[in-house]
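From first to last, the protein sequence lines are chains A and B.
Using this note's numbering, read the first sequence as starting at 782 and increasing by one per residue.
Using this note's numbering, read the second sequence as starting at 2 and increasing by one per residue.
It should be emphasised that the hints constitute simulated quantities derived from the structure, not laboratory data.
Just so you know, these numbers come straight off a predicted model, no measurement behind them.
Be a bit skeptical, because a hint or two may be false.
Unchecked claim - Derived lysine-lysine pairs resembling DSSO-like cross-links, with alpha carbons at most 30 Å apart: (1) K185/B to K840/A; (2) K840/A to K48/B; (3) K36/B to K48/B; (4) K884/A to K14/B; (5) K929/A to K332/B; (6) K386/B to K840/A; (7) K75/B to K837/A; (8) K14/B to K33/B; (9) K274/B to K837/A; (10) K48/B to K929/A; (11) K361/B to K884/A; (12) K36/B to K803/A.
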Amino acid sequence: MSPEYSASLRRKIDEVAALYPKRGAALLPVLHLVQREAGCIAAEEERFVALALGLKPVKVREVVTFYTMFLRRPIGKYHLQVCSNLSCSLLGAGSLLEYLQQKLGIEVGETTADGRFTLSTVECLGACEQAPCLMVNFDYQGQMDREKIDRLLESLE
Amino acid sequence: MDEKVLTQHFGLKELFRIEVYREQGGYKAVEKALKEMTPVAVLDEVKRANLRGRGGAGFPAGVKWGFVPQHVPKPRYLCVNADEGEPGTFKDRYLLTYNPHLLLEGTILASYAVGINSAFIYVRGEYEKVTLRLEGAIAEAYRNGYLGKQILGTDFSLDVVVQRGAGAYICGEETALLESLEGKRGYPRLKPPFPASVGLFQCPTVINNVETLSNIPFIVQNGAGWFIKKGLPKDGGTRIFGVSGMIKNPGIYELPLGTKLRTIIFEHAGGMKEGKQLKAVIPGGMSAPILTEDEIDLPMDFDSLAAAGSMLGSAAIIVIDRETSILDVLKAVSKFYSHESCGQCTPCRIGTAWINKIVKRVAGGEGERGDIDMIIRLASNIRGKTLCPLGDAAALPVLSICQKFRRELEGYLPHA
Numbered sequence: 782m783s784p785e786y787s788a789s790l791r792r793k794i795d796e797v798a799a800l801y802p803k804r805g806a807a808l809l810p811v812l813h814l815v816q817r818e819a820g821c822i823a824a825e826e827e828r829f830v831a832l833a834l835g836l837k838p839v840k841v842r843e844v845v846t847f848y849t850m851f852l853r854r855p856i857g858k859y860h861l862q863v864c865s866n867l868s869c870s871l872l873g874a875g876s877l878l879e880y881l882q883q884k885l886g887i888e889v890g891e892t893t894a895d896g897r898f899t900l901s902t903v904e905c906l907g908a909c910e911q912a913p914c915l916m917v918n919f920d921y922q923g924q925m926d927r928e929k930i931d932r933l934l935e936s937l938e
Numbered sequence: 002m003d004e005k006v007l008t009q010h011f012g013l014k015e016l017f018r019i020e021v022y023r024e025q026g027g028y029k030a031v032e033k034a035l036k037e038m039t040p041v042a043v044l045d046e047v048k049r050a051n052l053r054g055r056g057g058a059g060f061p062a063g064v065k066w067g068f069v070p071q072h073v074p075k076p077r078y079l080c081v082n083a084d085e086g087e088p089g090t091f092k093d094r095y096l097l098t099y100n101p102h103l104l105l106e107g108t109i110l111a112s113y114a115v116g117i118n119s120a121f122i123y124v125r126g127e128y129e130k131v132t133l134r135l136e137g138a139i140a141e142a143y144r145n146g147y148l149g150k151q152i153l154g155t156d157f158s159l160d161v162v163v164q165r166g167a168g169a170y171i172c173g174e175e176t177a178l179l180e181s182l183e184g185k186r187g188y189p190r191l192k193p194p195f196p197a198s199v200g201l202f203q204c205p206t207v208i209n210n211v212e213t214l215s216n217i218p219f220i221v222q223n224g225a226g227w228f229i230k231k232g233l234p235k236d237g238g239t240r241i242f243g244v245s246g247m248i249k250n251p252g253i254y255e256l257p258l259g260t261k262l263r264t265i266i267f268e269h270a271g272g273m274k275e276g277k278q279l280k281a282v283i284p285g286g287m288s289a290p291i292l293t294e295d296e297i298d299l300p301m302d303f304d305s306l307a308a309a310g311s312m313l314g315s316a317a318i319i320v321i322d323r324e325t326s327i328l329d330v331l332k333a334v335s336k337f338y339s340h341e342s343c344g345q346c347t348p349c350r351i352g353t354a355w356i357n358k359i360v361k362r363v364a365g366g367e368g369e370r371g372d373i374d375m376i377i378r379l380a381s382n383i384r385g386k387t388l389c390p391l392g393d394a395a396a397l398p399v400l401s402i403c404q405k406f407r408r409e410l411e412g413y414l415p416h417a
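Just chain A, same shape as in the assembly:
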């Protein structure tokens, strides 16, 4: 059975689609909206979005698999994304990532058994002045060190 999507989500999809001269052009903003409610864009969500915007499901999958921020399966409550680009690695992002892996007992790309944390690496987040930095869901955390990571993880208990 298809999952239930909220009435407010359906209304928002129509509002966003109306901003574009072609309904299907609203695909990215609509995927963001659906992912926020459903947690990811699995096959079910792909079909829902395709129907809502009058697109073929394959068009939706093309886009979902192209953009790294669209998730095809559920992840943990907190998504820790560590920047692995140049300015951050110059200032120790590599050893912070090792510390996080060791502390959480998971590798990059994995989720902790309790479903709280998913660990990823990302390319430049556009916060190089705060290197090394990471993102917790959509919050930027800058000038990280081991102590700050300890405190951060505690605050996310």
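Model the placement of chain B on the given structure of chain A, informed by the hints.
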């Protein structure tokens, strides 16, 4: 003397609110343009100001606007490129966060000059908080009659829509950005036709960077002559330099175009981090060919950097110290482009992947003699052979690192 233009009021509390922005003279340029100037007059002023594109390419903004045909029975669009993804770059995040109305004012002026009634602002997906701030400013601008129908009682109308990207560096390339706005994968288009004639939804389109547009209100208000004096005759205005890496005071520094790279690093940004010594600098975002420590007595403007074999790009300065292995720099560079190549052009898709594999092999102690020549050969076969500038962006820094730091890199290879 304070040379700041775009960031001059950044110290003010809540500059992002329309009342505070207006207290600093905000939206005066829109009033002046809409009530006292024709669109052509605005366009001419911007042309005379020699404002060059701040996204990285340095193309004169006024010339770009002038390419848009005025007698085609189609809507025209403005796309604001806020997809800031060039590694080392974070200036647009500051502009959007602290002074979103300045961008909106520039957007209104550009639209007025070119005859555009619909603008899209494409913000990188990770900037969710920044987008909320921008959307708040847009709502204020609508409430105060600066956006919407018949702006300030004139015949000019403009609607602005914000779209967030979703994690693809390539969407900062202007035609990939258009594809993304049309709800597709970010595959760059073959040019020509250029977006000025066939752009968003096949209509004439202007695409400008956030910082470029943020300069427009000052040009309209103070004139082209004033703007040129803030920078160089062929490269008007200031530039927001973003300094990061092994530097004492990382951050943004708004300075006249033509300021020496050495001055930016050692005076404005406080010099190297405690106990560190300079080895190399990437002067214009990761795609810019690397400069060695003895190459930094350069004025930072588009033409000087191009003459030195590098580029000013997004004016993002990444400072590298002597303790950092150049191989680690090469690793970060090749990993990035191999990850971000969209896959459309074979030389880039395959070439970036192979370079990344070979660099990783060398870093793992498994390098082979001839690996550096192999990397150079691969990079040379990407350069100039792709639809979009990502190919060159991937090849040029790799080539410059291999050429300028060859001896150090060879130290990681087995010797005969």
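Worksheet item: So which of those numbered hints doesn't the model satisfy?
Response: 2, 4, 9, 10, 12
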